[in-house]
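K.L.:
Residue-level listing of the chains:
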Amino acid sequence: MSFLTLENVTHHYFNKNNYTKALDDISFSVKEGEFVSLLGPSGCGKSTILSIVSGIMNQTSGRVLLDDKSITESELAIGYMLQQDYLFPWKTILDNVLLGPTIQDNVNEELKEKAKELLREVGLQNVENQYPSSLSGGMRQRVALVRTLITDPKILLLDEPFSALDYQTKLKLEDLVFKLLHAYQKTAILVTHDIGEAIAMSDRIIVMSANPGKISKTFEVPLELRNEMPFLVRRHPKYQSIFDKVWEELNKSETRTV
Amino acid sequence: MTVKGDHILFEKHIQGLKREKRIVFIWQACILVGFFGLWELASRMNWIDPLLFSSPTKVYNLLIEKLTDGSMISHTLITLFETLAGFIIGTLLGIVIASLLWSSPRFSNISDPYLVILNAMPKVALGPIIIVALGPGYVAIIAMGAIISVIITTIVVYTGFREVDPNYEKVLKSFGATRWQCFKAAIFPANLPVMISTLKVNVGLSWVGVIVGEFLVSSEGLGYLIVYGFQVFDFTLVMAALILIAIFAAIMYKVVERIEGWLIKHTT
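In order, the protein sequences belong to chains A and B.
Just so we're aligned, residue 708 is where the first sequence starts under our numbering, counting upward by one.
Just so we're aligned, residue 155 is where the second sequence starts under our numbering, counting upward by one.
Hints are computed from structural coordinates only; laboratory data are not their basis.
Treat the numbers as computed from the prediction; the structure is a model and nothing was measured.
Note that beta-carbon positions come from the ideal geometry of N, C-alpha and C, so glycine has one too.
All the given hints hold, so there is nothing to weed out.
Restraint ranges, calculated between C-beta atoms of paired labels, are given here:
1. B:Pro-347 - A:Leu-930: 51 to 61 Å
2. A:Ala-890 - B:Gly-170: 52 to 62 Å
3. A:Asn-724 - B:Asp-266: 17 to 27 Å
4. A:Glu-817 - B:Val-250: 30 to 40 Å
5. A:Gly-750 - B:Lys-158: 52 to 62 Å
6. B:Glu-165 - A:His-943: 54 to 64 Å
7. A:Pro-796 - B:Glu-165: 29 to 39 Å
8. B:Pro-276 - A:Gly-750: 44 to 54 Å
9. A:Asn-724 - B:Gln-182: 49 to 59 Å
10. A:Asp-859 - B:Val-178: 51 to 61 Å
11. A:Glu-816 - B:Glu-374: 51 to 61 Å
12. A:Leu-783 - B:Val-250: 30 to 40 Å
I would like the entire structure built from these sequences, with the hints used as guidance.
P.N.:
The following block contains the structure:
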């Protein structure tokens, strides 16, 4: 059963002198609990898809359904994680984590405890009353993850959340996010330009091409890789063959546009 | 290098800093004493006309005399009140208008040319009109103090509002925040540093507005004393008023700096 469905979604960006077609006739669906990656060169509209699914932007045409309801009418919470943490520097870590509940006006003691619990779960102890400036990049991105999870979203949108981190931190965080999302059985869409990351984390990879943004091919990640931790997937014997296939597809779509 | 060796290096560094601070302070004190000393000397030796340029002792004696009989205190208090009122009204009004501009892009587009004109116009030139409209009293003077800072505050703060990283809004909107919630949670607090820096500029501007206002109408206040002293050729009085203005403007600036330190602890 499909949980999130995009039907013939097209999106244009307009400005004073010109317009660009960012997305052209995008259709795909995501099952509940599935982890899907959108992979493609910059400018292929990956992030635009996330903005539309999150309801921040309206598509020019087509339909987006979440649990059989239009995304704008859906009451289900959506979690959105960006490339950088965008923690508010003047708020404490706890206040940053409770940003969503504050907006939705349902902060209570129980939720505060849950926030601290989640912070501990991602390996951050006794940081509630500190300010973001005293934390490292990886720690800050973990706080941003907790901020996203605290509202108990039914679907998580991850917009290159690891790309601004150093390689070691990135690998560790991939494992952490993978573990948490599987433990809480979250549906997730990951936008990335890192083939290895897409294979390591997801069940399905949608490869896109640019100008205008289109789906060029969809890859199913072999079953053996899906339940492995991302770090171990990269060492799996089957990893290289799917990597090569995705690589080839990406190259093909690139030469088409160049 | 041992720990002890490291510690000695650190001590030396601290001593160097202290020494530099002392040298700067000595220079500052020398300039102050030198300025007043030279002024006194030049006046006594008739290098400058003592009738026009007075002398520090004369100014000091006048200040003591007028402060003890209370007349200077009332003048100072009136000017201080007008300046503070003008400063606060101008700044708050500027921030409110900037918020309105941010809340409606259409309103902002419509206002744009008028803001440019109002900003370019020398506000003190409006003095006579304000006095005719509000009557020659402290209301008109406060209006002068406010009007001189309100437009520039509006423009600077509004620009600040628009320069906030849109990704903060994106985070908030993903939680379903309304535009007003985005303003409260991100746009406004992110701009506290900008607002504080406009406060610093406005301290100086309000003094200009109020003193010019007092030049034009008033029968009391430090600006009035300057004009009065000029008319009766009592330059000792003019200098005394100037010194008081300098002292209080500096105090206001320092207070704003304190507020800044207190409000802005975590911005990066």
